[in-house]
Amino acid sequence: MIVDRNQLSCAEFQAQLPELIGSGENAAIHPHIQSCELCRALLADLETIAEAARQLFPIVEPPDKLWEQIESAIRQERAVHEGC
Amino acid sequence: MLARAQAGDHSAFAQLYSLHKRRIYSLCLRMVGNIAEAEDLTQEAFLQLHRKIATFRGDSAFSTWRHRLAINVVLMQLRKKALNQISLDEAMDPAPEEGPGRSFGAPDLTLSGTIDRLALERAVGDLPAGYRLIFILHDVEGYEHNEIASMLECSIGNSKSQLHKARLKLRDALHIRPKQEAQ
Ligand SMILES: [Zn+2]
Numbered sequence: 001m002i003v004d005r006n007q008l009s010c011a012e013f014q015a016q017l018p019e020l021i022g023s024g025e026n027a028a029i030h031p032h033i034q035s036c037e038l039c040r041a042l043l044a045d046l047e048t049i050a051e052a053a054r055q056l057f058p059i060v061e062p063p064d065k066l067w068e069q070i071e072s073a074i075r076q077e078r079a080v081h082e083g084c
Numbered sequence: 085m086l087a088r089a090q091a092g093d094h095s096a097f098a099q100l101y102s103l104h105k106r107r108i109y110s111l112c113l114r115m116v117g118n119i120a121e122a123e124d125l126t127q128e129a130f131l132q133l134h135r136k137i138a139t140f141r142g143d144s145a146f147s148t149w150r151h152r153l154a155i156n157v158v159l160m161q162l163r164k165k166a167l168n169q170i171s172l173d174e175a176m177d178p179a180p181e182e183g184p185g186r187s188f189g190a191p192d193l194t195l196s197g198t199i200d201r202l203a204l205e206r207a208v209g210d211l212p213a214g215y216r217l218i219f220i221l222h223d224v225e226g227y228e229h230n231e232i233a234s235m236l237e238c239s240i241g242n243s244k245s246q247l248h249k250a251r252l253k254l255r256d257a258l259h260i261r262p263k264q265e266a267q
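Going line by line, the protein sequences match chains G and U.
Counting from 1, one number per residue, gives the positions in the first sequence under our numbering.
Counting from 85, one number per residue, gives the positions in the second sequence under our numbering.
Simulated from the structure, these hints should not be mistaken for laboratory data.
Ideal Cβ placement from N, Cα and C applies to all residues, glycine included.
Certain hints may be false.
[To be verified] Output of the computed footprint for chain U on chain G, the stretches with three or more beta carbons under 8 Å from beta carbons of chain U:
{"no.": "1", "segment": "11 to 21"}
{"no.": "2", "segment": "40 to 53"}
{"no.": "3", "segment": "68 to 81"}
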């Protein structure tokens, strides 16, 4: 009988998953993913979440008044500094 | 002479502000979740930058790490505010009960492949501060794990595992919440 040394339990595989995903390797070609529907679904969800994060959160422009507030705070700090 | 130096400083600083304001403000907004606080935090971050900037002038690598400096200032402010009553250091430590076994779900719970923006925003807002920060820095802002590790002074492995846990928590949150009509 041939023992597949790559065969991992779901728990073992999922323990490796942060490193596997984080290293930028293609986790989808991992033998466990090929054979396990549960972990395949998990991986797909995690990818969906990461993709959604990239697309759904726009970069926001701060209001113009913020720069005015910062400038006036800097002027105040400078005045205090020069005062002593 | 001093006045000219200050004027020079000021225009350099104005330029720095216009270069970084969007990312800094967006990060603050996502971390604190309300506009007034995000404005305060952004202002404080740039004031701190302004205080520090004189010491860093003339560095060729200036542009690459000044954003990092800005992020660090934001992080310091967030620590001071003790976001969600949890310090970031505390949140950075994996909670003991959060084993990898948490994610065993029935396949039929799989996300449909589309995520509602409001649902995701809410779920991100509910994350503990440390998880939220790593998720935002990596998945939203696009920082690499090595950059995050150096910004947060944690290991690269730690950054990877925290991000993974953040995504798992989001997955749970997005599955659990039923679709809601406008309330
Ligand atoms: Zn599995």
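Next item on the list: Could you tell me which of the hints above the structure violates, numbers in ascending order?
Entry: none
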